[in-house]
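Trainee: Single-letter residue listing:
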Amino acid sequence: MTGLGPVSQWLYTRKSEVRRNVRLAEPVYEIEIEIKNADGLHMRPAMQFVDVASGFDCDIKVSNNDTCVDAKSIMQMTMLAATCGTKLKVKAQGPDAQEAIKALQELVEENLFDESATAGSGGRNE
Amino acid sequence: MEIRKGIAVSPGIAIARPMVIDSKDYRIPRRSIMPSQRTKEEKRVRDAFAGAIKKLTALEADRSIEESNIKDIFAVHLRFLRDKSFRKRITDFVHNELTTAEYAVSTILREIASHFAGIDDAYISERAADIYDIERRLLTQLLGKVQKDVEHLREEVVIVAHDLSPTQTAGFNKTFIKGFATEAGGRTSHTAIVARSLGIPAVVALEDLMSNINVDSTVIIDGNRGIVVIDPDEETLAQHRQHATELARLEHELYTLRDKPAVTRDGVAITLLGNIEFQDEAEMVKEKGGEGIGLYRTEFLYLYSDSEPTEEDHYEAYAHAVRTFEGKPVVIRTMDLGADKYPHSGRYAVETNPVLGLRSIRFCLQNLTMFKNQLRAILRVSALGDVRIMFPLISNLQELRQAKLILRDVMEDLDEYGVGYNPEVAVGIMIETPSAALTASLLAADCDFFSIGTNDLIQYTLAVDRANEHVSTLYSAADPAVLWLLRSVIHDANKAKIDLSVCGEIASDPEYIMLILGMGVRTLSLAPPMIPEIKQVIRSVTIEECNHLARKVVTMDSQRQIKNYIRDAAIRILPEAF
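If you're matching them up, the sequences are chains X and H in order.
Position 60 of the first sequence, counting from 1, maps to 60 under this note's numbering, and the rest follow consecutively.
Whatever position you read off the second sequence (first residue = 1), add 1000 for this note's numbering.
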């Protein structure tokens, strides 16, 4: 076990990199969403989340307590390890930030990742 | 400087840079690179990602996979592989920590996996398995590239690995490989056999070797004393260079024996043949003074390529050896692989006990198309010279009869098409199971020759796996049980007046030569590089002395006593050979 030390340290570095890219003039949209499906943000939901986020041009960050990650990176999203009941803070900044926030909220809270219908939709996030 | 002690399995001294071959089935040790190698190593990481994505995309598109959860898994893996921040984390590690791509991949992926494993949620913690899967995908890419590099070597190296498989060594560019050092293996392991047939030094069973070698180390492999020195100091390096020169001088001396006959001092002629594995080794046998091929292992034809060898592949490989030896014997052994090693069998069921399972002649008798292919090629080359066919692992008379029946079938096919072959082609068997040894008198009535394969015979007789360090000390050719079996096989062969040779490892061990000559053996088939040394032993003894020694050994009851006795006798006769 290497523990959480190097991981969170690295996540921190990423966070500052993400910040640097943001155009300061644009407003930040922020929302809190709750993971409601029983299995939490496991692999497939994480994949869907990243796919939806990647469809937008804006910069999206997701944080769980002190950990803040890039919503477009599947590795970072899965490492948030959000279980059922976790409340995530989503911040978006950029031209389509408002739409992005709406789409992500729909996916997580209304459709509950639509467990069966989206299976096998792989390979379209680039 | 690091000195590691292992088991010496092939003599000689090699001093070169290491070519390290990691295995995805074992922990990848940390190995440093020079700052100047950063760019190259980071590119290896990116190439591995690109390669893994390509392979996975093809897999995902495969229509035969219908289960949606498997497609889901592929989709998740693909997103990981396309995640640039994930890839960057690995290239950053290479850049900052100055390690190999393999180590960076393994370390980062394991770090992520352990992060998952530590989360108190069964579903998420189980996802560590996905991460290990991705690790394997990336390592497969990296290691596949390394294998390609070894196949296209342009400078001299020694190969350092956990273990080497026949598929790996078959592709090596042997011109530039000067030695082997592996963590696993024993005297009869594949690495050992290949090293001896190439005449390069090898040391195996070196614990924790991989983590002590860096890309730019200098490595000495001393195949005489069984040691490997990593980054030697000047003095050690000079010593080994001198030692290597001496060995070369000794080899040159032995070379002068090349054209002299293998005859004992009292005038008994012994036939020395070579064991070969690849077709180009036939020249080496000739070069070292061998009078033919006593064992042509044909497994490499099956392991070398991605598809099953065609009849023409077989024919070409055999015809080359037969032409090299113009009229001298070439004994071709039919395929001796297990279902577990045979890549084209389509069988993936793991046998619980493969050594006692569907292997060798048993496998051939159940895969007739493949078997007949090989037999047809052997029969066709029999028209070119003194070709003999040998069936391995025969364990009862019915098996031998069945194999001969199939051979007869193939002959009839050839007759039908008017293809030429030698209808009188000699057919013999390996005696390598205790049951064959015990019923040798029955088997002798149905074949033209025996070749005793001591390696398997010892393993099956003593029930010992030599590669297993917990029991390997029980493995000995000098065990009375083995010698009793040998004696009765030799007796039965002589009584039936059929040819007999010994092709196992004891035929290339100077210590055992007097004993086996004394037991009545007159034909030996051995690793080509050992031919001059064994010839020297033969030319230094009399059959009288050998007979005396064999008679004394009969009265002894322990392996240790026998071993010491034959060793002392050998040293008395030829002190410089030991």
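It is worth saying that the hints were derived from the structure and are not from the lab.
Check the hints yourself; a few may be wrong.
[Stated by the list, open to error] Within a straight-line C-alpha distance of at most 20 Å, the following computed SDA-like cross-link-like pairs (lysine to any residue) qualify: (1) K1024/H - T1218/H; (2) K87/X - F1116/H; (3) K1088/H - C68/X; (4) K1286/H - T1324/H; (5) K1071/H - V52/X; (6) K1145/H - D1025/H; (7) K1084/H - R44/X; (8) K1084/H - C84/X; (9) K1084/H - G55/X.
[Said to hold, decoys possible] Facing chain H, a subset of chain X residues (Cβ under 8 Å, in silico): (10) H42; (11) M75; (12) A81.
Because the structure is a prediction, the values reported are computed rather than measured.
Backbone N, C-alpha and C fix where the C-beta goes; we use that ideal spot for every residue, glycine too.
Trainee: Checking each numbered hint in turn, tell me which of them this model violates, lowest number first.
Mentor: Checked against the structure, the hints that fail are numbers 1, 8, while the rest are satisfied.
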